[in-house]
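Enquirer: Sequence:
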Amino acid sequence: MIRKMTFALALTLATASAGFAAEPIVGNWKTASGETAAIAACGGAYCITLKTGQHAGKKIGSMSGSGESYTGEITDPANDKTYSGSAAIQGSSLKMKGCVLKVLCKSQTWTKM
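Its first residue numbered 1, the sequence shown is counted upward by one per residue in the numbering used here.
Just to be clear, a hint being listed does not mean it is correct.
Calculated lysine-lysine pairs in the DSS-like style (CA-CA distance at most 27 Å, straight line) [what the hints assert, rightly or not]:
(1) 30 / 81
(2) 81 / 102
(3) 59 / 97
Derived by calculation from the structure, the hints in this document are not laboratory data.
Model the full structure from these sequences, guided by the hints.
Expert: What follows is the structure, encoded as structure tokens:
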């Protein structure tokens, strides 16, 4: 009886842990300008908040997606302009891209900390 309960508990914990596995985008990232940006789950998306630098504490974006590809919005904290954005993960790098009218785009590569 105890053996069956132990197995059932282990199976339940293993199943629950798989549901809580973090997306690769979640964590702290060093931006191209050297600040730290934290990306964390918020609602059904992933919010990007600056943790260091002149704009520390400011939310600068929101991305949706999973695995290696995300889309959403990114805000330039220097001028508060918001752009349609995308993010692609390759190993410990995150390529962030922001565009105006899908024509004028700028990219940055961030590094996982």
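Enquirer: Decide, hint by hint, whether the structure agrees.
Expert: Going down the list of hints, with the structure as the test:
no.: 1; hint: 30 / 81; verdict: holds, 21 Å
no.: 2; hint: 81 / 102; verdict: holds, 15 Å
no.: 3; hint: 59 / 97; verdict: holds, 17 Å
The structure fails none of the hints (numbered hints given earlier).
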